[in-house]
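Chemist: Read off the chains here:
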Amino acid sequence: MAPTSAPAIEVRNLTKTYRDANALDGVSLALEENRIYGLLGRNGAGKTTLMSILAGQGYPTGGQVLIHGRNPYENDSTLARICFIRESQRYPDDFSPHQAFKAAALFFANWDQELAERLIEDFNLPTRRRIKKLSRGQLSAVGVIIGMAARAEVTVFDEPYLGLDAVARQIFYDRLVEDYALHPRTIVLSSHLIDEIANLLEHVVVIDKGRILLDEDADTLRGSAVAVTGNQDKVASFIDGYRVLHRDSLGSLASVTIQARLGATQRAMAAEIGLELSPVPLQQLVVRTTMSAQAEPHGDHYQEALK
Amino acid sequence: MNRVVKVARMQLINKWPFLGIPMVILVASTLMTFGIWALLPASAREGELYSGSGQAVMWYFLALGIQSLTYTFPFSQAMSVSRRSFYLGTLGLFAAIALGFSILYYLLGLVEKATGGWGFNGQVFALGWISQNNAAIQILFYFVAMVLLFMIGFWAATVYMRWKASGLLVAGIGFAVLVLGMVALATLNDAWPQVGAWFAAMQVLGLSIVLGMLCVLLAGGSYLTLRRATA
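These protein sequence lines map, in sequence, to chains C and D.
By this note's numbering, the letter at position 73 of the first sequence is numbered 75, and the numbering carries on one by one without gaps.
By this note's numbering, the letter at position 99 of the second sequence is numbered 120, and the numbering carries on one by one without gaps.
Some clues are possibly wrong.
To be verified - Below are the DSSO-like pairs computed for lysine-lysine, each with C-alpha atoms no more than 27 Å apart in a straight line:
id	chain 1	residue 1	chain 2	residue 2
1	C	Lys135	D	Lys185
2	C	Lys104	D	Lys27
3	D	Lys134	C	Lys134
4	C	Lys211	C	Lys236
5	C	Lys135	D	Lys36
6	D	Lys134	C	Lys104
7	C	Lys134	D	Lys185
8	C	Lys135	C	Lys104
9	D	Lys36	C	Lys211
10	D	Lys36	C	Lys134
To be verified - Here are the computed distance ranges between Cβ atoms for each label pair:
id	chain 1	residue 1	chain 2	residue 2	range
11	C	Glu119	D	Val191	23 to 31 Å
12	C	Asp78	D	Gly140	29 to 37 Å
13	D	Gln153	C	Tyr61	26 to 34 Å
If you're looking for bench data, these hints aren't it; they were derived computationally from the structure.
Computed from a predicted structure; not experimentally measured.
The beta carbon of each residue, even a glycine, is placed where N, CA and C say it ideally should be.
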């Protein structure tokens with residue numbers, strides 16, 4: 003792939019220090035355009051801080067953010083290409099969803115009213131009721147609708163599903179993928195519900211304590227570990243030499259998650275001695291990565307090891 | 022279309038805060054003044070009647086300054102509007118509305134004079150000390166007074182958004198210290214007679230200019246404060 007243009011989002015050595023804490027500690031990323039990124043991490047990991055600086059709403063203590071090569075902060079022409087609705091987004095007092103959508107149509111050049119109306123129907127959103135009287139789920143739906151119908155080149159969703167029920171969340175995921183297929187753009191999605199969005203993601207970024215632990219293509223990541231299940235002794239001999247991410251045992255049975263890309267020979271060998279190999283869900287990988295990074299001070303090693 | 026103009030249009034999506042409520046306040050407070058005058062016993066109605074009800078809208082503008090920042094700024098951020106565009110669009114819109122109200126006040130003052138003080142020999146809009154000036158000065162004075170109140174609200178809300186209660190506390194104490202310092206300066210130099218004379222000599226035009234300079238200071242302070250505020 004020839005680097006014909008600047009990445010959609012480029013983050014260089016970004017730091018953000020609040021009075022009592024380092025929210026971001028030397029974050030560097032380069033996100034290509036027209037992909038779906040998952041920004042994953044625990045509460046307080048720095049996800050929202052990073053997103054709000056990407057969107058030009060916050061500003062860094064040090065380092066730089068470039069959106070299509072330009073700093074978004076106070077830059078209207080670059081800001082116009084970005085849409086970021088906060089998880090706790092505030093709306094003008096007395097605004098109804100209808101009025102919020104009217105405002106969004108003013109500011110986002112690619113606003114699609116038809117899509118907005120379809121989503122309103124899907125989410126059963128009462129558009130003439132005041133926003134402050136909406137339920138948490140309906141409030142999230144307002145943000146989701148603006149974020150999707152704005153069709154901004156760089157669209158950032160911060161935990162967009164809060165309060166949405168399972169059906170509404172599925173609608174969101176389905177519509178997002180559908181619309182993304184028709185109108186590719188760069189989407190960054192932060193979430194706790196990793197398994198739910200795992201199939202959406204093309205690339206995974208894991209952040210913890212303000213540092214990037216993992217920045218990896220989702221498919222590569224999925225293939226980077228395997229769970230080996232079977233007789234304890236046989237498992238032990240099979241996994242010898244591999245890095246163990248997690249270990250479960252029940253009686254003589256063991257299930258061990260190892261970091262390995264097994265070839266055909268190794269798979270055949272495992273089958274021969276009666277071991278079962280199974281893929282590891284993305285959520286497990288993220289959780290294990292985060293936990294092992296917390297056990298050792300430098301997360302970078304792990305990320306290198308994954309490659 | 023320019024994003025500054027779009028900000029003004031966004032502020033007007035809900036017509037009430039900038040247009041509806043000020044109109045309602047103006048009409049209601051004026052009618053109530055007439056009602057009170059009508060209830061006065063004949064003895065109390067001799068001579069001229071004065072009412073300060075014309076100020077009602079102006080004090081609402083203080084609240085509007087707070088509201089237009091507190092509620093709309095975080096939303097404007099979600100609409101990917103720069104702080105500068107939000108600031109210019111909001112202040113520009115208010116300036117236009119304040120100018121409209123100032124002209125309306127002047128016109129109502131003319132009506133007041135033409136109708137013999139609304140039939141009560143009263144003064145609501147054409148207060149003597151203001152209405153003795155020409156049209157431009159009258160309109161300027163109303164405009165500056167309205168913008169000043171709006172800017173006080175807007176700046177205070179910006180300070181709160183950026184530094185929360187401690188910011189307001191520091192600003193309040195700072196203002197009090199400043200006033201105290203000026204009082205001390207006048208007292209220690211035995212300058213009160215001159216100060217009194219200065220105020221007495223200041224006409225409506227002079228007062229407008231002083232208040233106008235305050236507006237400019239507050240507007241500049243608001244912008245610098247907003248530049249680094251986060252919703």
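Chemist: Would the hint linking Lys211(C) and Lys236(C) be met if the CA-CA limit is 27 Å?
Modeler: violated (38 Å)
Chemist: Does Lys104(C) pair with Lys27(D) here, judged by a C-alpha cut-off of 27 Å?
Modeler: holds (11 Å)
Chemist: Within a Cα-Cα threshold of 27 Å, do Lys36(D) and Lys134(C) meet the stated pairing?
Modeler: Holds, because 18 Å separates the two Cα atoms, which is no more than 27 Å.
Chemist: So if I understand the rule, the pair passes when the alpha-carbon distance is 27 Å or less; does Lys36(D) with Lys211(C) pass?
Modeler: violated (45 Å)
Chemist: Compare the distance between the alpha carbons of Lys134(D) and Lys104(C) with 27 Å, and conclude whether the hinted pair is satisfied.
Modeler: This hinted pair is violated, its Cα atoms lying about 44 Å apart.
Chemist: For a C-alpha distance cap of 27 Å, please report whether Lys135(C) and Lys104(C) respect it.
Modeler: OK: Lys135(C) and Lys104(C) at ~19 Å, within 27 Å.
Chemist: So does Glu119(C) sit 23 to 31 Å from Val191(D), Cβ to Cβ?
Modeler: About 48 Å separates the Cβ atoms of Glu119(C) and Val191(D), which means 23 to 31 Å is violated.
Chemist: Regarding the pair Lys135(C) and Lys36(D), is the alpha-carbon distance no greater than 27 Å?
Modeler: OK: Lys135(C) and Lys36(D) at ~20 Å, within 27 Å.
Chemist: Can you let me know if the beta-carbon spacing of Gln153(D) and Tyr61(C) is within 26 to 34 Å?
Modeler: violated (51 Å)
Chemist: Does Lys134(C) pair with Lys185(D) here, judged by a C-alpha cut-off of 27 Å?
Modeler: Distance of about 22 Å is within 27 Å: holds.
Chemist: For Asp78(C) and Gly140(D), compare the CB-CB distance with the range 29 to 37 Å and indicate the outcome.
Modeler: violated (54 Å)
Chemist: Take a quick look at whether Lys134(D) and Lys134(C) sit within 27 Å of each other, Cα to Cα.
Modeler: Violated, at roughly 46 Å.
Hints 3, 4, 6, 9, 11, 12 and 13 from the earlier list are contradicted by this structure; the remaining hints agree with it.
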